[in-house]
Structures are given as structure tokens and as C-alpha cells.
Amino acid sequence: MKRSTAQFRLLLILSIMVVIGILSAQFSFRLDFTGDKRYTLSKATLDILKSLNEPVTVTAYFSKKLPPNITATKTDFKDLLVEYASRSGGNVVYEFKDPGEKEELEQEALQAGIQPVMINVREKDEIKQQKAYLGAVLKMGSQTEVIPFVQPGAAMEYALSSTIKKLSVKEKPKVALLQGHGEPSLNAMQQVRSVLSVLYDISGYTISDTAPIPTTYQSLLIIAPEDSFTTAELQRLDEYLAAGGNLLVALNRVQGDFQTSRGQPVNTGLEEWLSKKGISVEDKFIMDAQCGSVTVQQRQGFFTISTPVQFPYLPLITDFADHPITKGLERVLLPFASPVTNAISDSLIKVVVLAKTSSRANTAPANTFFDVMRNYTPADFPMSSLPLAVAVEGNITGNGNISRLVVFGDGDFAVNGEGREYQQLQPDNVSLLVNAVDWLSDDTGLNELRTKGISARPIKKELDDNKKTLIKYGNFLLPVFLIILYGFVRVQLRRRKRQQWMEQRYV
Amino acid sequence: MKAIWILTKKELVTFFDSLTAYVLLVIFLGLSGFFTWISGSDIFLIGQVTLQPFFSVAYWTLFFFIPALTMRMLAEENRTGTIELLQTKAITDWQIVIGKSLACLLLIAIALIFTLPYYITLTQLGDVDHGAVLCGYLGLILMSCSYIGIGMLASSITSNQIVAFLVSLLIGVFFLIIFDVLSSGSLGVMADIFHYLSISNHFESISRGVIDTKDVVYFLLIALAGLVLAEFVLAKRNIIS
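So the protein sequences, as listed, match chains A and B. Sequential numbering of the first sequence, starting at 42, is according to the working numbering. Sequential numbering of the second sequence, starting at 4, is according to the working numbering.
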């Protein structure tokens with residue numbers, strides 16, 4: 042072959058490969074093999090899209106000049122919109138605008154409520170701060186909703202679907218948060234409030250002694266009351282349930298105080314009311330070997346050392362029922378919880394135990410003293426699978442109306458606290474309460490989507506240290522050992538073969 | 004096809020008859036096992052049933068492992084002159100390149116098969132995302148193809164194994180680190196090109212459980228480019244100038 046021919050052939054092949062590369066980057070399709078189909082539209086989204094009567098216009102404001110790693114977010118968002126458009130039968134229409142292009146477009150984006158984010162960009166050997174817009178405005182008829190910032194990943198689908206749902210719901214169902222017995226206000230439950238307000242009109246409500254609780258409220262939430270309920274108030278609750286109202290009770294039956302290291306029972310009268318319905322929240326602490334930890338300050342010489350210590354009074358729940366309320370949840374921390382048992386024998390009432398402790402649990406009396414530094418042994422946890430929450434559905438009051446009731450053996454799991462006491466909660470804690478409201482209000486469409494982005498797959502099996510060490514070193518050494526063994530056997534075989542071969546020749 | 008297979012088999016047997024295969028496999032499996040189970044952000048520390056720690060370790064170990072495999076392939080034949088001998092047989096240059104690359108790929112596959120105990124252990128510990136694991140392994144295989152392509156090219160241009168090893172590491176560093184650094188935080192067409200060329204973007208996308216044609220084509224193109232160039236270098240000796 043001549044040199045020029047060979048070079049020409051090489052050049053041709055390489056250019057064809059470049060063309061294939063460019064084409065494949067432009068036109069690609071992907072297959073989603075993740076267990077929870079993270080990158081495929083969920084059924085909830087498809088249902089929302091199918092039920093659209095009017096077209097939704099999505100105007101996405103994305104800056105054009107962005108570093109490639111951020112452009113990926115734009116591409117993902119666009120892919121998602123393409124999918125929405127095709128699955129909605131043309132009811133979702135979208136366009137992309139670049140606010141950096143014209144002053145007017147930037148004003149338009151700002152007025153719609155899209156806030157720019159600042160990112161560092163390298164341009165002409167200088168690091169510059171650059172404004173980037175990554176938001177979208179959704180319109181349906183005369184209504185408008187904004188996604189101020191598009192988060193990368195699976196959360197995109199939730200943002201888009203819930204916003205579309207928000208637009209298509211003409212009147213939001215009402216949800217009441219009971220006040221007047223020392224319950225946390227809506228401001229103390231920021232995370233729950235922001236998720237619930239997407240689909241519900243949520244407000245505080247105080248029971249009046251004379252007027253019944255309006256049944257316009259789809260559900261009534263009683264979260265962590267501290268003071269007693271009057272007989273009249275309990276009667277109002279009965280009437281509300283009898284009229285088909287739905288109730289969520291998250292009860293702190295016991296209270297733990299870290300300052301005094303003491304526990305004590307809380308009596309509100311609600312526990313008696315519940316036990317008449319067959320559900321009892323016992324005045325005991327649940328202890329679980331699978332638990333959260335507290336930080337303990339220790340003085341050692343001149344130093345103060347903070348160490349996290351596992352504290353069984355903060356059970357970490359991973360055993361959930363297959364139920365709309367707990368679908369997709371991985372782990373929920375229920376601090377100072379109590380067992381919730383039920384004695385409902387009516388076959389027409391459906392009872393589901395929503396959450397249970399691990400297989401190594403115990404209970405402690407309400408009046409107790411906590412020793413944070415205590416070393417626990419497996420013998421301290423003889424009980425197993427204690428129930429912590431139930432969902433009840435049916436004719437609870439006995440007058441023929443169907444209502445729903447959810448009872449949690451803990452009141453604080455979804456409370457952020459106010460002011461300096463504010464603390465961020467795990468997403469699953471918030472989802473548990475919000476899913477329960479969805480179930481009570483008979484609208485479980487978005488449950489699945491809410492937990493979709495969370496892909497925690499915790500180690501479920503409880504292992505003691507010996508087993509753990511065995512697994513660790515077993516996995517580390519076994520493959521290495523197998524290789525060496527194979528090498529050794531091979532060498533032996535070859536040696537034997539050579540010996541045979543030599544014997545044949547020379548003997 | 005038969006010629007390729009004979010050559011592949013011969014190369015694979017050579018690997019296992021010398022110490023090379025054992026040393027490399029022990030190092031690869033030792034490092035992978037150590038960082039997946041015992042130290043670093045291992046499975047018990049993150050408390051999740053995922054093989055992601057293994058994939059991140061293998062992402063780096065393969066980067067050194069493969070050049071060490073491929074460095075011998077053509078450079079050794081060049082040095083001892085056996086390449087001439089091989090070329091007198093009824094076998095084309097292309098078959099030589101493919102046959103030897105296939106042997107490397109099979110050795111990688113064998114190394115990965117030895118990590119199956121990790122996966123089996125995980126299935127006992129909790130719900131494993133099987134799709135993501137499968138895609139992770141596929142990602143490693145595809146990435147190995149690219150490195151083998153680069154390694155074969157490096158091995159073809161020299162008769163010194165050390166030089167071949169260093170050259171393929173050098174080219175690998177571009178794809179693994181430099182293109183990524185160049186693309187992040189910069190703008191324009193060049194940034195997009197660098198972003199496309201960076202291995203990490205494509206590997207991450209596959210190892211999270213999504214197979215995108217774009218990523219598969221990317222890995223195969225790099226592998227092919229390396230092999231085509233290696234074949235060109237080999238064929239040069241037959242060129243009438």
C-alpha cells in the first residue's frame with residue numbers, strides 16, 4: 042500500500058468517527074435501568090397529564106452561556122419537557138428563552154419571580170461571577186405559577202408535576218391544623234407547610250365549644266398537644282368524625298427532657314378518647330437498637346470533646362407497611378415515641394399498622410431517668426416489631442359514615458420549631474406526615490413522586506460486630522485468595538505436565 | 004475470526020503463565036476490596052446497599068491497571084522483532100490488534116467476575132438496585148475498552164514497555180482529568196467539546212443506572228480510534244514510500 046493511500050484511509054475513518062460522535066451527541070436515547078425508574082415519568086405524572094383539560098404553557102428561562110456541567114441541567118429539563126409534551130397529547134407546550142439575550146427578557150423573568158443564581162465562570166483567564174437563570178413560568182388560562190430554580194436530578198419531575206397539578210386544581214381542599222392546646226403553630230412546621238401548601242389550603246383552627254368543626258375541612262391535624270381537651274371539645278371531634286371528617290393525631294404520650302435527663306407522661310385526655318375507639322397510645326417510651334444519636338460533650342483534661350452517642354430513645358424506623366402513606370419511605374426518626382396498639386375487632390373497619398420498630402426493641406416506663414452514656418447489650422432489647430403508627434378506615438363512630446383516622450405515637454417528628462430552635466428535618470420525616478394528609482384527603486397521586494428522588498437503600502440486616510468483620514475481611518480477602526489459589530494450582534499442573542513430558546522423552 | 008481467537012487465547016495463556024496476571028489481579032482486587040469494604044467511604048460507613056464505592060475505586064485502579072496490561076502487547080513484539088514473524092503468518096495487522104485487545108478485555112472481565120462476591124454479599128444485606136449494579140459493570144467494561152484502545156496505540160509506537168506505559172497514562176490523564184478541568188467553569192464551543200471528551204461525565208451517567216446511546220458510542224469511538232491508529236502504525240512497515 043502506498044503511504045498516501047494509507048493516510049487517506051486513516052483520515053477517512055477518523056472523520057467518519059467524528060461525524061458519528063457528533064450525531065450520537067445530538068440524537069441519543071436512553072434506557073432507564075434504575076430500580077425506582079428515577080428517570081422515567083411516574084404514573085402520578087401521567088395521571089396529572091391525562092387529566093389536563095386546558096393547555097399549559099411552560100416558559101423556561103435559562104441562560105445560554107453556561108458552563109457545560111450546568112448546561113446538563115438545562116438538557117435534562119428539556120428532555121423532561123419533551124416527554125411531558127408528547128405524553129400530554131400536546132396539552133403541554135414549552136419554549137426556552139435566554140434572559141441574557143435582551144434586557145426585556147431579563148425583566149420579564151425577574152417580574153415573573155425567577156431569581157438569578159450567581160456562578161463562577163472562567164473567561165479570558167479571569168474568574169468572573171455570572172448571573173444564571175434556571176427557572177420556569179407555567180401558565181394555564183389566567184393562572185400562573187413559577188418554579189424559581191430548577192434543581193437538577195429527579196426532583197425536577199416533582200417540581201414540574203406538582204406545579205402543573207397546582208394550576209389544574211380549581212379550588213384547593215382545606216386542611217386545618219388544630220390550635221389551642223399548646224400545639225406547634227404553622228410557623229413551627231415550615232417544611233410540612235411548604236409541601237402541603239402546594240395542593241392544600243392549610244390554616245390554623247381552634248375548636249369552639251358551641252359550633253361544630255366545619256366539614257369543609259378535608260382533614261384536621263392534631264399534632265403534639267400539651268394541654269387537656271375539654272369534654273365538649275372531644276365531643277366536637279366525635280361529631281366531626283361522624284360527619285365523615287378525617288383526623289390525624291400525632292400524640293406525644295411521653296416526653297423526654299435532655300436538660301434533666303428525665304421522662305414523664307403527658308395527659309391530654311385525647312389518649313382516653315382514642316382508647317374508646319380501640320386505639321391506645323401507651324404511656325411508655327420505645328427503645329430501639331436501631332436509633333439516632335445525640336452529641337455528648339466530654340471533658341478530657343483541658344479539652345472538651347463532642348462525640349455522637351447512639352441513643353435508643355430516638356428510634357430510627359425502617360420497617361414500613363405497603364400503604365400509600367409509607368410508600369417509598371426509607372427511614373424516619375421518631376424521637377421519644379410510644380407504642381400504638383389497637384384492639385379494633387370490627388371487621389368492617391380496616392386497620393393497617395404503618396410503622397414498626399426493628400427486631401431489637403424494648404419499652405421503658407414513662408417516669409424514667411435516661412443515662413446517655415450507658416452501654417447497651419443485645420439483652421436490653423428483647424422485644425421486636427413494636428407498632429408506632431396506625432391508619433384506620435371505616436365506620437369508626439358507628440353511625441354509618443366512612444371516615445379515616447391516622448394515629449402516630451410521636452408528635453414531634455415533623456415539627457421544625459421556631460426561631461433559634463429551628464432544625465432541618467430529614468425529607469422522609471416530612472413525607473410521612475404529608476403523605477398521611479394526602480391519604481386522609483383521598484389524594485395520593487403525588488406520594489410516589491415526592492419520595493422518588495430519595496434513593497437511599499439502607500443496609501437492612503442488623504449485624505453484630507463479629508459478623509461485620511467477617512463480611513468485611515471475607516469480601517476483601519476471598520477474591521485475592523482465589524486468584525492465588527488458581528495460580529498455585531496452575532503452576533503445579535504445569536510442573537506435573539513437564540515432568541511427564543520429560544519422562545516420556547528421556548526414560 | 005478464528006485467527007483472532009487463536010491469538011487471543013495465546014495471549015491470555017501467556018498472561019496466566021507469567022506472573023503478570025496474578026500480580027495485577029491481586030493488586031486490583033486488593034485495592035478494590037480494601038476501599039469497598041474496609042477503609043475510605045466504604046459500604047458500612049455510608050450504610051447503603053450500593054456498589055458505588057467499588058465503582059469509584061475501579062474507576063481509578065483500571066486507569067493504572069490497563070496500561071500495565073497493554074504496554075507489553077505490541078512494544079514487546081517490536082523489541083524482540085517477533086512482530087515481523089507474526090506478520091509473515093496468514094494474519095492481518097488488524098487481526099493482531101483486535102486479538103491482543105480482546106485478550107486484555109477478557110482479563111479485565113475475569114477481574115470483574117472475581118468481584119461478584121461483593122454483589123452477592125450486598126443482596127444478602129438489603130434491597131440492591133440491580134439495574135444500577137449491572138450498568139455500573141457495563142460502564143467499567145466500556146471504560147476499559149477505551150483505555151485498551153489508548154494503551155494499544157501507545158504500545159504500537161514504541162519498542163520500550165515503560166515508554167508505552169507512560170504514554171498511555173499520559174493520554175489517559177487527558178481523558179480522565181484534564182478535559183474535565185478544562186470544561187468546568189468555562190464557556191463556549193471548546194468547553195462543550197472538552198465536556199464531551201471527558202470520561203467522568205459519561206461514566207457517571209452510566210454508573211447511576213441509565214444507559215444512554217451517547218455514552219456507549221463515546222466509549223466505543225475512543226476504543227476504535229485507538230485501535231485504528233495502532234493498526235496504522237503497525238501497517239506502516241509495509242508501506243512502499
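Read the hints as simulated data drawn from the structure, not as lab findings. For every residue, glycine included, the Cβ atom is placed at its ideal position computed from N, Cα and C. Heads up, a few of these hints could be off.
Pair by pair, the computed Cβ-Cβ distance ranges are [unchecked claim]:
| hint | chain 1 | residue 1 | chain 2 | residue 2 | range |
| --- | --- | --- | --- | --- | --- |
| 1 | A | Ala196 | B | Gln127 | 52 to 60 Å |
| 2 | A | Ser92 | B | Ile196 | 27 to 35 Å |
| 3 | B | Gly43 | A | Leu519 | 16 to 24 Å |
| 4 | B | Ile165 | A | Lys84 | 25 to 33 Å |
| 5 | B | Leu119 | A | Leu146 | 51 to 59 Å |
| 6 | B | Thr91 | A | Leu519 | 44 to 52 Å |
| 7 | A | Gln545 | B | Val26 | 30 to 38 Å |
| 8 | A | Lys84 | B | Asp20 | 52 to 60 Å |
| 9 | A | Ser302 | B | Val176 | 53 to 61 Å |
| 10 | B | Val176 | A | Phe68 | 29 to 37 Å |
| 11 | A | Thr46 | B | Gly84 | 43 to 51 Å |
| 12 | B | Gln127 | A | Lys78 | 22 to 30 Å |
| 13 | B | Ile113 | A | Ser127 | 37 to 45 Å |
| 14 | B | Lys92 | A | Lys105 | 24 to 32 Å |
A few chain A positions that, by computed beta-carbon distances, are all more than 12 Å from chain B [unchecked claim]:
| hint | residue |
| --- | --- |
| 15 | Ser65 |
| 16 | Ala66 |
| 17 | Gln67 |
| 18 | Thr81 |
| 19 | Pro96 |
| 20 | Asn110 |
| 21 | Gln231 |
| 22 | Leu275 |
| 23 | Asn308 |
| 24 | Thr345 |
| 25 | Leu355 |
| 26 | Glu371 |
Hint numbers not upheld by this structure, sorted from lowest to highest: 1, 2, 4, 11, 14, 15, 16, 17, 18, 20, 26
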